[in-house]
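Required output: the full structure, derived from the provided sequences and hints.
Listed below, chain by chain, are the residues.
2 protein chains.
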Amino acid sequence: MKEAKHIAIVGATGAVGEEMLACLDQRNFPISELTLLASARSAGKTIPFQGKDIIVKELTHDSFEGVDIALFAAGGDTSLEYAPSAAKAGAIVIDNSSAYRMDDEVPLIVPEINPEAAKEAKKGIIANPNCTTIISLMALFPLHKKYGLKAIIASSYQAVSGSGAQGIAELKQQCEALANGGEIVSEVYPTQIAFNVIPQVDVFQPDNYTKEELKMLNESRKILGVPELKVTCTCVRVPVYRSHAVSITAVFENKPSVEDARAVYANYPGVDSKDDPSQNLFPTPLDTTLKDDCLVGRIREDKVIDNALALWVVGDQVRKGAALNAVQIAEIL
Amino acid sequence: MKEAKHIAIVGATGAVGEEMLACLDQRNFPISELTLLASARSAGKTIPFQGKDIIVKELTHDSFEGVDIALFAAGGDTSLEYAPSAAKAGAIVIDNSSAYRMDDEVPLIVPEINPEAAKEAKKGIIANPNCTTIISLMALFPLHKKYGLKAIIASSYQAVSGSGAQGIAELKQQCEALANGGEIVSEVYPTQIAFNVIPQVDVFQPDNYTKEELKMLNESRKILGVPELKVTCTCVRVPVYRSHAVSITAVFENKPSVEDARAVYANYPGVDSKDDPSQNLFPTPLDTTLKDDCLVGRIREDKVIDNALALWVVGDQVRKGAALNAVQIAEIL
Numbered sequence: 001m002k003e004a005k006h007i008a009i010v011g012a013t014g015a016v017g018e019e020m021l022a023c024l025d026q027r028n029f030p031i032s033e034l035t036l037l038a039s040a041r042s043a044g045k046t047i048p049f050q051g052k053d054i055i056v057k058e059l060t061h062d063s064f065e066g067v068d069i070a071l072f073a074a075g076g077d078t079s080l081e082y083a084p085s086a087a088k089a090g091a092i093v094i095d096n097s098s099a100y101r102m103d104d105e106v107p108l109i110v111p112e113i114n115p116e117a118a119k120e121a122k123k124g125i126i127a128n129p130n131c132t133t134i135i136s137l138m139a140l141f142p143l144h145k146k147y148g149l150k151a152i153i154a155s156s157y158q159a160v161s162g163s164g165a166q167g168i169a170e171l172k173q174q175c176e177a178l179a180n181g182g183e184i185v186s187e188v189y190p191t192q193i194a195f196n197v198i199p200q201v202d203v204f205q206p207d208n209y210t211k212e213e214l215k216m217l218n219e220s221r222k223i224l225g226v227p228e229l230k231v232t233c234t235c236v237r238v239p240v241y242r243s244h245a246v247s248i249t250a251v252f253e254n255k256p257s258v259e260d261a262r263a264v265y266a267n268y269p270g271v272d273s274k275d276d277p278s279q280n281l282f283p284t285p286l287d288t289t290l291k292d293d294c295l296v297g298r299i300r301e302d303k304v305i306d307n308a309l310a311l312w313v314v315g316d317q318v319r320k321g322a323a324l325n326a327v328q329i330a331e332i333l
Numbered sequence: 001m002k003e004a005k006h007i008a009i010v011g012a013t014g015a016v017g018e019e020m021l022a023c024l025d026q027r028n029f030p031i032s033e034l035t036l037l038a039s040a041r042s043a044g045k046t047i048p049f050q051g052k053d054i055i056v057k058e059l060t061h062d063s064f065e066g067v068d069i070a071l072f073a074a075g076g077d078t079s080l081e082y083a084p085s086a087a088k089a090g091a092i093v094i095d096n097s098s099a100y101r102m103d104d105e106v107p108l109i110v111p112e113i114n115p116e117a118a119k120e121a122k123k124g125i126i127a128n129p130n131c132t133t134i135i136s137l138m139a140l141f142p143l144h145k146k147y148g149l150k151a152i153i154a155s156s157y158q159a160v161s162g163s164g165a166q167g168i169a170e171l172k173q174q175c176e177a178l179a180n181g182g183e184i185v186s187e188v189y190p191t192q193i194a195f196n197v198i199p200q201v202d203v204f205q206p207d208n209y210t211k212e213e214l215k216m217l218n219e220s221r222k223i224l225g226v227p228e229l230k231v232t233c234t235c236v237r238v239p240v241y242r243s244h245a246v247s248i249t250a251v252f253e254n255k256p257s258v259e260d261a262r263a264v265y266a267n268y269p270g271v272d273s274k275d276d277p278s279q280n281l282f283p284t285p286l287d288t289t290l291k292d293d294c295l296v297g298r299i300r301e302d303k304v305i306d307n308a309l310a311l312w313v314v315g316d317q318v319r320k321g322a323a324l325n326a327v328q329i330a331e332i333l
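Protein chains in written order, with the UniProt record's numbering: chain R, 1 to 333; chain Y, 1 to 333.
Some hints could be false.
Where chains are identical, the list cannot tell them apart; a pair therefore holds if satisfied intra-copy or between any two copies.
Heads up, simulated DSS-like pairs for lysine-lysine below, C-alpha to C-alpha not over 25 Å straight-line [as the list claims (entries may be wrong)]:
id, residue 1, residue 2
1, 255, 150
2, 230, 150
3, 274, 303
4, 230, 255
5, 230, 145
6, 211, 303
7, 303, 146
8, 274, 211
9, 255, 303
10, 211, 150
11, 57, 274
12, 274, 146
FYI, nobody ran anything at the bench for these hints, they're computed from the structure. Fair warning: this is a prediction, and the values are worked out from it, not measured in the lab.
Put into structure tokens, the structure is as follows:
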């Protein structure tokens, strides 16, 4: 029997924080005590969990007394400031921000791919990967194990939930304004996202790629343990509420057949194929919304690169792309 | 001075037909007579044009007496049945459907790329290319001329206008139903398009690609005159009303620098660059809506393939992707 743990959630009132609570509940995670933390602005709110109303407390450096596992879902700055305090108090931190992902002493984990890395959390911190990276690797890892992944060319279709509750609210506001003649407010995104797509996610870097696009490169290398992996990525925000989709050309050492690739998903946890062109079967973001598993479809031979497949993967960004993956890491511990 | 022509529009009440009228008007195309044709269902409607109300007539095999140029915008079956009658009556047909595009005796033209092909219209029919292909080639042709295009890997973000007025109406209906608690109707698309993306445009072919994806391959080869061009394409419908976007990795014989690539658009008609990451400048579909020119941005070195650039192009699907391109072909004649 598992020992019940004292769990803290930092950013409990955000989109990912709320989903972490839902995942802990649905998966019957053994909890001895639950501490919900947020900024002063949200402190005092109550959040129901398993029949009790839990009061959200203000996050301070002293919030982590007796906490076994601290799930951080409040942005990079908060993680940088408070995760060391949590670790110092003896908690294991599972951080959803990008702050520690590329730190050599911090494991970066997708539980279906590299759970063994959890042992190497030298700082008491484990990082949860970027959502687009997790979802892409859920499709690519089963193929990588069999055929050896060498390169990825990807274009993403990312939901507004990736920007948290504010992203969701901004899309909703804009749709209502367009329907009722009101004024469109663009604060989260650089321009209108309703009935538009925006080829910028996170800030631009000196090589003309965005930080989000380079996460696919750097985080994939670290999670798969393939330092020479090549990745070209174009990250695009689309007016979808919470599942991401990614169109991928994946290049392998050895040639995979389309039939083998489809079959490979039958035996994998957390990912399944939905792929039968003869029956018009393919996955869309709505298929994975509020679901744990990622879905892969549109698998076919790439027509440009040898030993490459084109494919399409969708996954719930809030769930597998963030909250679920973090809770699964907590389960490994 | 140009001689005024008797123009007929087949499918005058559809989304593309209406836009053809707008383009003829805005470009002061010299018209001696205008015949608007549609199915029996739409015949009898009046459409205003340059101060006159023109009555839409029912399309028959005898509709083309005295017509100089017949613009077809009513789907492949209508073109297959009536375009030969128009050509037989002495009209030059400019066909927006896919029916004749791959016919060896029918030129397939983007006026900025291969206007000279118009001379070879042996059947009296000229084909207007697929919208995603036109918009992609507007970005790629200036680079092709300088660096020699070898291959394209593309993922599209296609507006619902590509399915005509019904596609636009379906997205609108679904958004209203979701806002007001009504029932979602999916007739044009295989599943909900509002707040979703659908990785299927046109029907599946035996190689697991869709017909739309193979158009990018076959039509690009014909328009550019590069029979060995390789193309992998994933066509995706997104909830945008009328501009398409395409994320492209373009592979060249010779290595283009990012600076050269940006500069190349300064001197080209019909396409411009909007690309300055330091100023957060990139084009979105709303930037080209109701505009003639396509816009290219996100130009950067591809990290997977040598001599390749990653880029992003947007263009108004109804205008440059269909109606404008057809009217520009008429202008060549």
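To see whether the hints hold, each was checked on the structure:
no. : hint        : result
1   : 255 <-> 150 : both (12 Å within a copy, 22 Å between copies)
2   : 230 <-> 150 : both (7 Å within a copy, 20 Å between copies)
3   : 274 <-> 303 : within (22 Å within a copy, 30 Å between copies)
4   : 230 <-> 255 : both (17 Å within a copy, 18 Å between copies)
5   : 230 <-> 145 : within (17 Å within a copy, 28 Å between copies)
6   : 211 <-> 303 : between (29 Å within a copy, 15 Å between copies)
7   : 303 <-> 146 : both (21 Å within a copy, 24 Å between copies)
8   : 274 <-> 211 : between (31 Å within a copy, 20 Å between copies)
9   : 255 <-> 303 : both (13 Å within a copy, 21 Å between copies)
10  : 211 <-> 150 : within (21 Å within a copy, 29 Å between copies)
11  : 57 <-> 274  : neither (43 Å within a copy, 47 Å between copies)
12  : 274 <-> 146 : within (20 Å within a copy, 42 Å between copies)
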